[in-house]
Amino acid sequence: MHPVLFFIFGGLCVAGALNLLFQRHPINSALSLIVVMSSLAVLYLLLGAEFLAAAQVIVYSGAIMVLFTFVIMLLNAGREERTHGSKAAYAVGIPGALALLGALVYIFLSNGNSLGMTILGGYWVVPTSFSAVLFHEMLLPFEVTSVLLLVAILGAVALARKEH
Amino acid sequence: MEVSFWFFVLISLLKVIIVTGILLTAVAYTVLLERKVVGRIQNRWGPSRVGPFGLLQPLADGIKLFLKEDLMPTNVYKPLFIAAPIIALGCALMSISMIPFGANIQYKGVDLFQISDVNIGLLIILGVTSIGVYGVALSGWSSNNKYSLLGALRASAQVISYELALGLSVVGVILRSQSFRLRDIVNVQSTHGLLSWNFFGGWQFVAFFIYIMAAFAETNRTPFDLPEAESELTAGYHTEYSSMKFAMFFMAEYANMITVGCVATLLFFGGWSSPFGHLFPANLGGVVGMALLPVFWFVIKVFFFLFLYIWVRGTLPRFRYDQLMGFGWKFLMPLAIANIIVTSFWLAYRAV
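If you read the sequences in order, they're chains A and B.
Counted from 1, the first sequence has number 132 at position 132 by the working numbering; the numbering is strictly sequential.
Quick note: to get the working numbering, add 1000 to the position in the second sequence (first position is 1).
There may be inaccurate statements among the hints.
Cβ-Cβ distance ranges computed for the label pairs, FRET-style [to be verified]:
1. 1051/B x 150/A: 38 to 46 Å
2. 24/A x 1311/B: 44 to 52 Å
3. 18/A x 1348/B: 46 to 54 Å
4. 1284/B x 5/A: 38 to 46 Å
5. 1021/B x 129/A: 39 to 47 Å
6. 76/A x 1021/B: 41 to 49 Å
7. 145/A x 1184/B: 23 to 31 Å
8. 1171/B x 129/A: 53 to 61 Å
9. 1348/B x 129/A: 15 to 23 Å
Computed far set for chain A versus chain B, every beta-carbon distance over 12 Å [as the list claims (entries may be wrong)]:
10. 17
11. 143
12. 150
Computed footprint of chain B on chain A; a stretch qualifies when at least three of its residues, placed anywhere within it, have a C-beta under 8 Å from a C-beta of chain B [to be verified]:
13. 56-64
14. 67-76
15. 84-90
Keep in mind that the hints were calculated from the coordinates and are not lab data.
None of these values were measured; they are calculated from a predicted model.
Every residue gets a Cβ at the ideal spot worked out from N, C-alpha and C, and that includes glycine.
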């Protein structure tokens, strides 16, 4: 049953991402991104990371995407205009993207044995053991990440202030 | 105990239908309770004409709302205009599935008094609350109305500001019960009756007050009901809605109230455990009593919280918007963090 769920929600994730690119109105793109974030949360749940799945929904779908939606609503962004794409972009872009995709697929398939297998749904990572690792072995990266976020917030506040 | 898949699905479906039916009836009668209690506070009867003591008033209100004309103004963004009340009501009704409202009584391996028992129940309730913001925000924007947009933005900013204080205030409870699972949180509190509840023996009264104030703001209830006050912004984000869609917003607000009351009961007041603890024998009332008494205690406590909501509504004046935001960010959030620190120190001291 787990592979079925993986394909359903992985497919939903990819469909949401494609919908985000092809929609003309930004609010539809924002809603598609919410679908992508929630499908990622389900994929985390399939891999056994229950706390991470809940955090993904609470933080990404429930807070960050709300801010995206606020910005789109406040700026009153309307439908995009359809522009004529340049021929050069099509001529270089599509083969380039396909080449990149091909290279990635080749690398992953040829090194498949050394990458190991993932088990879907075989175990749960209990928040207790997860936090034991986070606050013992990974304490320094955790604290440095919070300082990084603080620096980003201060930078945003400093940049957005009115000049007196 | 191994339980067959189809039996589990059947019993779960039955539980969902019964619980949703009870919840929707409770929402309708909470509206009546509010109107009568606020009326009594203001020294008048509430609705008392329809049926004895006004008890059929929700029926009359339901019929009225169904039969009103369902307007859709021109130039609204139709998909979101229709989807926003659905998101609001859906998220309001989803949280009830995590809540254990009775003791862990199992029938052929299926838990009878909780719809879904997951390890991260509390986090899922917080996540569903976060998603509920979209119902408010998208309804205001899609109404194509300046006042609705401003009202929706104010309401969503209020909700996301108080979500922080809400989440931080329950960390003390989680520290004491060492688990996110709602049954574990209640089991820790059911050992010695009244004294082992998180409010009393767990010393979480500060966390309880923060939770209650944040919950009042989350559900947009007085004194934080600026987004839907009649004299402000012409009814805010649900100005352009009529009939059933308006009823869905209305039901979502009261369902959120009930959910918040249920969660407060579980986290701080012992859930379904009786305040008498071990004073009475454990098998009081036989099998039926053991199954139904916990449900009775749970319902009594939730009823007390609903009454508290309505009582506060009839008593307190409204916050101004800057006072409201300052209260959430500058007072409740630091206080919640301080509560986490003090609780951690106390637990570490006790464990040494």
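Hint check results:
no. : hint                       : result
1   : 1051/B x 150/A: 38 to 46 Å : violated (59 Å)
2   : 24/A x 1311/B: 44 to 52 Å  : holds (50 Å)
3   : 18/A x 1348/B: 46 to 54 Å  : holds (50 Å)
4   : 1284/B x 5/A: 38 to 46 Å   : holds (44 Å)
5   : 1021/B x 129/A: 39 to 47 Å : holds (40 Å)
6   : 76/A x 1021/B: 41 to 49 Å  : holds (42 Å)
7   : 145/A x 1184/B: 23 to 31 Å : holds (30 Å)
8   : 1171/B x 129/A: 53 to 61 Å : violated (18 Å)
9   : 1348/B x 129/A: 15 to 23 Å : holds (20 Å)
10  : 17                         : holds (19 Å)
11  : 143                        : holds (16 Å)
12  : 150                        : holds (15 Å)
13  : 56-64                      : holds (count 5)
14  : 67-76                      : holds (count 4)
15  : 84-90                      : violated (count 0)
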